[in-house]
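Residue numbers (our numbering): 6 to 163.
These are calculated hints, taken from the structure and not from any lab test. One should not assume that every hint holds.
Stated by the list, open to error - Below, simulated BS3-like cross-link-like pairs (lysine-lysine); rule was C-alpha separation at most 27 Å, straight line:
1) Lys58 to Lys157
2) Lys104 to Lys32
3) Lys20 to Lys104
4) Lys150 to Lys104
5) Lys81 to Lys58
6) Lys91 to Lys162
7) Lys40 to Lys99
8) Lys104 to Lys138
9) Lys91 to Lys104
10) Lys82 to Lys20
11) Lys99 to Lys20
12) Lys120 to Lys32
13) Lys138 to Lys81
14) Lys162 to Lys120
15) Lys32 to Lys20
16) Lys82 to Lys120
17) Lys32 to Lys82
18) Lys40 to Lys138
19) Lys40 to Lys58
20) Lys40 to Lys20
21) Lys91 to Lys157
22) Lys99 to Lys58
23) Lys40 to Lys91
24) Lys158 to Lys138
25) Lys58 to Lys104
As the list claims (entries may be wrong) - Cβ-Cβ distance ranges computed for the label pairs, FRET-style:
26) Asp136 to Glu43: 28 to 36 Å
27) Ala37 to Asn109: 21 to 29 Å
28) Asp136 to Pro14: 22 to 30 Å
29) Asp69 to Asp136: 15 to 23 Å
30) Phe79 to Lys138: 36 to 44 Å
31) Asp136 to Asp28: 38 to 46 Å
32) Gly106 to Gly134: 19 to 27 Å
33) Pro14 to Lys162: 32 to 40 Å
34) Ser107 to Leu51: 21 to 29 Å
35) Asn109 to Asp12: 27 to 35 Å
36) Lys138 to Gly106: 37 to 45 Å
Cβ coordinates follow ideal geometry from the N, Cα and C atoms, glycine included.
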Amino acid sequence: MYHYFIDAPLEFGVKYIDICSSDTGIKSVSFANQKNQEENPNDLALSCAEALKGYFEGRVFSFDLPLEPDGTPFQKKVWRILCDIKFGEVWSYKDLALKIGSTNYSRAVGSANSKNPIFIIIPCHRVIGNDGKLSGYAAGVEIKKWLLEHEKKFSSKI
């Protein structure tokens with residue numbers, strides 16, 4: 006595994022974004038307050054870092070990176086569908102469940118969302134409660150709110 010850290014936006018309340026990749030795909034993008042791994046980036050981790058920096062600067066609106074998250078087949082299916090949510094858009098958990106096949110899957114897609122190991126790139130932050138309220142984000146609702154406001158601010162550039 007390869008690791009590379011970039012500085013997180015100050016508003017996040019964490020210091021770093023930890024990018025982990027294999028030789029063939031991004032394994033995780035997570036938040037950290039310390040560099041708990043030695044940096045040993047490969048080209049893929051560096052490409053991911055540049056894409057994330059562009060995202061934060063309002064220049065990158067989608068990610069074209071090979072992804073290799075670890076998860077169950079159902080979780081991977083949910084994460085693939087999450088990638089269909091465009092920059093600046095939001096879906097409800099019900100919307101996401103319907104894309105999977107039934108509104109009966111709302112809790113299951115919520116659970117898969119909470120296990121997403123590739124923050125931002127697999128945009129689980131774009132899923133909101135059925136009532137339109139922000140709910141659940143593994144990194145915290147304040148970061149989710151910041152990401153959605155950031156995307157709203159730059160969505161007119163697309």
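Hint-by-hint comparison with the structure:
For the hint pairing Lys58 with Lys157, the CA-to-CA distance comes to about 17 Å; that is within 27 Å, so the pair holds. Only pairs whose Cα atoms come within 27 Å are accepted, and Lys104 paired with Lys32 is accepted, the gap being roughly 24 Å. Straight-line distance between C-alpha atoms of Lys20 and Lys104 comes to about 35 Å, which puts the hinted pair past the 27 Å bound. The suggested pairing of Lys150 with Lys104 holds, with an alpha-carbon distance near 24 Å, which does not exceed 27 Å.
About 25 Å separates the Cα atoms of Lys81 and Lys58, which keeps this hinted pair within 27 Å; it holds. Taking the CA atoms of Lys91 and Lys162, the gap is about 13 Å. The hint holds against a cut of 27 Å. For a cut-off of 27 Å, the pair hint linking Lys40 to Lys99 is broken: about 37 Å separates their Cα positions. Between the alpha carbons of Lys104 and Lys138 the distance comes to roughly 20 Å, so the proposed pair stays at or under 27 Å and holds.
A hinted pair counts as satisfied when its Cα atoms are at most 27 Å apart, and Lys91 with Lys104 qualifies at roughly 15 Å. Taking the CA atoms of Lys82 and Lys20, the gap is near 31 Å; set against the 27 Å cutoff, the hint is violated. A distance of roughly 33 Å separates the Cα atoms of Lys99 and Lys20; the hinted pair therefore is violated under the 27 Å criterion. For the hint linking Lys120 to Lys32, the alpha-carbon distance of about 13 Å falls within 27 Å, and the restraint holds.
Proposed proximity of Lys138 and Lys81 is supported: the alpha carbons are some 25 Å apart, at most 27 Å. This hinted pair does not check out: Lys162 and Lys120 have alpha carbons roughly 31 Å apart, beyond 27 Å. Only pairs whose Cα atoms come within 27 Å are accepted, and Lys32 paired with Lys20 is accepted, the gap being roughly 20 Å. In summary, the hint linking Lys82 to Lys120 is supported, as the alpha carbons are separated by about 13 Å, within the 27 Å threshold.
Taking the CA atoms of Lys32 and Lys82, the gap is near 16 Å; set against the 27 Å cutoff, the hint holds. Between Lys40 and Lys138, the direct Cα distance comes to roughly 33 Å. Violation of the 27 Å bound is thereby established for this hinted pair. A distance of roughly 18 Å separates the Cα atoms of Lys40 and Lys58; the hinted pair therefore holds under the 27 Å criterion. Annotation: proposed proximity of Lys40 to Lys20 holds, straight-line Cα distance about 9 Å (limit 27 Å).
A threshold of 27 Å between alpha carbons decides the hint, and for Lys91 with Lys157 the separation of about 11 Å falls inside it, so the pair holds. Distance check on the hinted pair: Lys99 and Lys58 sit about 31 Å apart at the alpha-carbon level, beyond 27 Å; violated. Distance check on the hinted pair: Lys40 and Lys91 sit about 31 Å apart at the alpha-carbon level, beyond 27 Å; violated. Between the alpha carbons of Lys158 and Lys138 the distance comes to roughly 19 Å, so the proposed pair stays at or under 27 Å and holds.
Pair hint Lys58 plus Lys104 does not hold up; C-alpha atoms about 30 Å apart against a cutoff of 27 Å. For the pair Asp136 and Glu43, the supplied restraint of 28 to 36 Å is violated, since their beta-carbon distance comes to about 44 Å. The supplied range of 21 to 29 Å is broken by Ala37 and Asn109, whose beta-carbon atoms lie about 36 Å from each other. Between Asp136 and Pro14 the beta carbons are some 28 Å apart, a value that agrees with the proposed interval 22 to 30 Å.
Hint check: Asp69 to Asp136, Cβ distance near 34 Å, so the stated range 15 to 23 Å is violated. Take Phe79 and Lys138: their Cβ atoms lie about 25 Å apart, and the range 36 to 44 Å is violated. Against the hinted window of 38 to 46 Å, the Cβ-Cβ separation of Asp136 and Asp28 comes to about 43 Å, which satisfies the hint. Here the CB-CB span from Gly106 to Gly134 is close to 20 Å, well matched to the stated 19 to 27 Å.
Separated by about 18 Å at the C-beta atoms, Pro14 and Lys162 break the suggested range of 32 to 40 Å. Between Ser107 and Leu51 the C-beta distance comes to about 41 Å, which lies outside the given range of 21 to 29 Å. One distance hint, 27 to 35 Å for the beta-carbon pair Asn109 and Asp12, is violated here, with the actual separation near 42 Å. The given range of 37 to 45 Å is broken by Lys138 and Gly106, whose C-beta atoms sit roughly 25 Å from each other.
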